[in-house]
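Participant: Start from the sequences and build out the full structure, keeping to the hints where you can.
Under my numbering, the first residue of the sequence shown carries the number 3, and numbering increases by one thereafter.
Misleading hints may appear alongside valid ones.
Below are the EDC-like pairs computed for lysine to aspartate or glutamate, each with C-alpha atoms no more than 16 Å apart in a straight line [said to hold, decoys possible]:
#, residue 1, residue 2
1, LYS275, GLU329
2, LYS343, GLU329
3, LYS103, ASP166
4, LYS275, GLU265
5, LYS48, ASP107
6, LYS348, GLU329
Computed spacing ranges between beta-carbons, pair by pair [said to hold, decoys possible]:
#, residue 1, residue 2, range
7, PRO175, SER44, 34 to 40 Å
8, SER130, GLY202, 14 to 20 Å
9, ALA352, TRP283, 33 to 39 Å
10, HIS68, SER303, 45 to 51 Å
11, LYS156, THR337, 57 to 63 Å
12, ASP58, SER288, 38 to 44 Å
13, ALA279, LYS48, 31 to 37 Å
14, LYS343, SER44, 50 to 56 Å
15, ARG323, ALA352, 27 to 33 Å
16, LYS343, GLN100, 55 to 61 Å
17, ALA353, LYS156, 42 to 48 Å
18, PRO251, GLU356, 26 to 32 Å
19, ARG350, SER288, 20 to 26 Å
20, ARG318, ALA279, 16 to 22 Å
No lab work stands behind these hints: they were computed from the structure. Note that beta-carbon positions come from the ideal geometry of N, C-alpha and C, so glycine has one too.
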Amino acid sequence: MTGILVPDLLRPWLLPSLEAPDVVFLCSVSRGLREELKWLQSFSVKFSRALFIDEDVIESLAQTIHGMPCLRHLSVCLAYQHSSTFSSTLASSLCGLQLVKLTLDIRHCNLGDQGIQAFTKTIAQLHSLTFLQLRLSFNRISRKGAQDLADAFKIRCGTHGMTDVVLDVDINPIADGAVVLLRSLGVRRLRLDMAHCRIGDTVAEELASALRNAEDNPNPVVYGGGQTIQFRSLQELLEITDLQDELSPQEIFESLRHLTDPEHPNLSLEQLKVVEAGHVWVNEDSNTVFVRFTPTVPTCSVATLIGLTIKAKLLRSLPQRYKVDVEITPGTHNTEDQVNKQLADKERVAAALENPALRNLINNGIAGTDRPDATLLLA
Numbered sequence: 003m004t005g006i007l008v009p010d011l012l013r014p015w016l017l018p019s020l021e022a023p024d025v026v027f028l029c030s031v032s033r034g035l036r037e038e039l040k041w042l043q044s045f046s047v048k049f050s051r052a053l054f055i056d057e058d059v060i061e062s063l064a065q066t067i068h069g070m071p072c073l074r075h076l077s078v079c080l081a082y083q084h085s086s087t088f089s090s091t092l093a094s095s096l097c098g099l100q101l102v103k104l105t106l107d108i109r110h111c112n113l114g115d116q117g118i119q120a121f122t123k124t125i126a127q128l129h130s131l132t133f134l135q136l137r138l139s140f141n142r143i144s145r146k147g148a149q150d151l152a153d154a155f156k157i158r159c160g161t162h163g164m165t166d167v168v169l170d171v172d173i174n175p176i177a178d179g180a181v182v183l184l185r186s187l188g189v190r191r192l193r194l195d196m197a198h199c200r201i202g203d204t205v206a207e208e209l210a211s212a213l214r215n216a217e218d219n220p221n222p223v224v225y226g227g228g229q230t231i232q233f234r235s236l237q238e239l240l241e242i243t244d245l246q247d248e249l250s251p252q253e254i255f256e257s258l259r260h261l262t263d264p265e266h267p268n269l270s271l272e273q274l275k276v277v278e279a280g281h282v283w284v285n286e287d288s289n290t291v292f293v294r295f296t297p298t299v300p301t302c303s304v305a306t307l308i309g310l311t312i313k314a315k316l317l318r319s320l321p322q323r324y325k326v327d328v329e330i331t332p333g334t335h336n337t338e339d340q341v342n343k344q345l346a347d348k349e350r351v352a353a354a355l356e357n358p359a360l361r362n363l364i365n366n367g368i369a370g371t372d373r374p375d376a377t378l379l380l381a
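Facilitator: In structure tokens, the structure reads:
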């Protein structure tokens with residue numbers, strides 16, 4: 003038996019009005035269905051990026067999963083959600099299940115090392131697991147988080163452990179943690195994405211050595227930003243180090259170009275020339291990203307909202323070391339000084355991003371634009 007719960011199937015025009023209680027209702031089924039859920043062997047749940055998922059929703063989902071003792075195959079997609087405690091809540095719901103196949107898509111969830119620790123402890127306890135797909139891109143995982151992952155994999159990748167692993171840790175500063183992680187993955191089939199992980203020449207050499215000396219999996223396939231690379235030499239391995247180049251204005255522009263206009267949701271900011279490649283600057287010395295945007299008319303009433311959307315997108319996408327400044331192009335708006343002052347005020351911006359109504363509008367403008375451009379990562 004298979005159960006599929008996908009709020010994405012809801013009509014798109016209903017999404018802006020969908021509140022957390024509605025999503026809770028979707029996740030926690032009625033008592034009449036709970037008996038049927040007990041016998042499900044496969045279950046999949048995916049939330050639309052346009053939805054804001056809070057702790058109540060995650061708790062409801064966790065209770066539903068925990069009440070399915072026959073579950074063997076589970077797939078959960080919570081990509082682009084930023085709930086502060088969902089990792090521990092969701093991870094605890096998996097304990098005690100006899101899962102054989104597990105897929106977790108938790109890209110861009112701002113987990114950090116602490117958030118990822120809850121999942122590593124759970125993975126180590128899933129003794130029946132043979133297949134694991136773990137998508138962790140854009141989560142601020144450092145070498146410590148990579149070490150925690152490696153410790154879990156060492157436990158689960160033994161003689162009778164996992165045989166197939168798909169692991170995406172791209173765009174995380176794991177650095178030399180990549181070597182520890184690779185050495186822990188003694189599985190039959192492995193797909194590992196370590197693009198944009200601050201892998202220097204020394205780490206690259208160690209990775210090459212680990213690949214040459216691997217016995218359980220002597221020739222794994224490693225994916226770098228969408229491009230399959232079969233590492234047989236140091237020269238090929240070093241191709242991945244090219245991804246450490248300084249952040250370019252073009253990369254910033256690519257991440258902003260598809261943001262949608264609040265008044266014209268079918269048009270992008272690029273199409274309206276609100277954002278342009280020539281109005282983006284990056285200063286690596288001061289770790290500053292500066293963006294200017296041009297409202298469509300001098301009397302534009304949503305200029306502040308556009309600026310907040312741009313700023314929110316960059317704050318979610320960039321490493322924390324970067325300072326993000328967003329301003330109106332001089333001379334293009336009647337109240338540009340007032341808007342610029344609001345966008346420069348950290349407390350005002352933080353309060354605006356916490357406001358449910360504004361956050362919903364901002365998320366609508368960002369939805370579908372957070373996926374990194376693989377061609378840029380390999381440029």
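Participant: Starting from the hint list further up, note which numbers the structure goes against and sort them upward.
Facilitator: 8, 9, 15
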